[in-house]
Amino acid sequence: MRAILRVAAFVCARLMVLIVFQSLEARATKPDTGANEYNHALRGIATASGSNFPALPNNAIDDNPATYWQSSTTTGWLAVRFASMVRVNEIHIHFLTTVYSRLSLYLDTSGNGAYESGEKVWSTTSNTGLDVIRVTTTSYTLGMKVTIDARNGNDKPKIAEFEAYLRYDTDGDGLTNDQEATTYFYQQADLEAPPSSLRTTPRTQPPSRPLCSPGRGFCSRH
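The sequence shown: position 96 = 916 (the working numbering), numbered continuously.
There could be a bad hint or two in this list.
What the hints assert, rightly or not - Pairwise CB distance ranges, derived in the manner of DEER restraints:
| no. | residue 1 | residue 2 | range |
| --- | --- | --- | --- |
| 1 | Asn-884 | Thr-990 | 33 to 41 Å |
| 2 | Thr-990 | Asp-882 | 39 to 47 Å |
| 3 | Thr-990 | Phe-873 | 31 to 39 Å |
| 4 | Ser-869 | Ser-930 | 15 to 23 Å |
| 5 | Thr-1002 | Thr-956 | 20 to 28 Å |
| 6 | Val-919 | Asp-991 | 17 to 25 Å |
| 7 | Asn-972 | Asn-997 | 38 to 46 Å |
| 8 | Thr-1003 | Ser-921 | 42 to 50 Å |
| 9 | Asn-972 | Asp-993 | 37 to 45 Å |
| 10 | Thr-956 | Ser-869 | 37 to 45 Å |
| 11 | Ser-892 | Val-919 | 32 to 40 Å |
| 12 | Thr-1003 | Thr-853 | 14 to 22 Å |
| 13 | Ser-943 | Asp-998 | 25 to 33 Å |
In short, the hints are calculated from the structure, not lab data.
These numbers were taken from a predicted model, which means no experiment stands behind them.
Note that the Cβ used here is the ideal one computed from N, Cα and C, for glycine as well.
Let the sequences and hints guide you as you build the complete structure.
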């Protein structure tokens, strides 16, 4: 009888551990297009208003939903500077355990990292979910920032993943897959100077005389 009780206690303990760890793992997601878009946050640098070590800002952009950033206070902000200016139109914020009703989202379209009031692209006072997904107009931006504008009890915010996408852009080059399918790139190989610009033209237009710029390594046809 004692052996049976010991086995039952062990099984219950294992189940409790599994439940706890599963509940602390957020669900990272891609856009709902099926195009497997590139997440620009992965090559970025994350900063925050404050952190609870070891739950540091970069944990929110490591593509691992089991790790997270935690604020040092009951509100706060998390920002990501991308590797370069990119085009995005869908932002995902995955909170870990607590829902925060008042949130704001900024995109650094000026590229100065200041996140001015005019760069706020979304704000809410009635969020009801852990997984916050916002589709915005396409913006050319150097970064993004989310602010938690009101507390929820004494909990300190935890964000597992903070993601930025351009819908239908699988390789992250700023062109949607449809745009890439209808674009030609022309290169003139006999010029040694490195390209300083690249022109594109739809396939539907027949090629004519090449237009070249002195000192540039690329030509385009119109």
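So, going through the hints one by one against the coordinates:
1. Asn-884 <-> Thr-990: 33 to 41 Å: Given about 21 Å between the Cβ atoms, the range is violated.
2. Thr-990 <-> Asp-882: 39 to 47 Å: 21 Å, violated
3. Thr-990 <-> Phe-873: 31 to 39 Å: 36 Å, holds
4. Ser-869 <-> Ser-930: 15 to 23 Å: 20 Å, holds
5. Thr-1002 <-> Thr-956: 20 to 28 Å: Since the Cβ atoms of Thr-1002 and Thr-956 sit about 25 Å apart, the hinted range of 20 to 28 Å holds.
6. Val-919 <-> Asp-991: 17 to 25 Å: Since Val-919 and Asp-991 have Cβ atoms about 34 Å apart, the given range 17 to 25 Å is violated.
7. Asn-972 <-> Asn-997: 38 to 46 Å: Roughly 39 Å apart at Cβ, these two residues keep to the hinted range, so it holds.
8. Thr-1003 <-> Ser-921: 42 to 50 Å: 43 Å, holds
9. Asn-972 <-> Asp-993: 37 to 45 Å: Holds: the Cβ-Cβ distance is about 39 Å, inside 37 to 45 Å.
10. Thr-956 <-> Ser-869: 37 to 45 Å: 23 Å, violated
11. Ser-892 <-> Val-919: 32 to 40 Å: About 20 Å separates the Cβ atoms of Ser-892 and Val-919, which means 32 to 40 Å is violated.
12. Thr-1003 <-> Thr-853: 14 to 22 Å: 19 Å, holds
13. Ser-943 <-> Asp-998: 25 to 33 Å: 31 Å, holds
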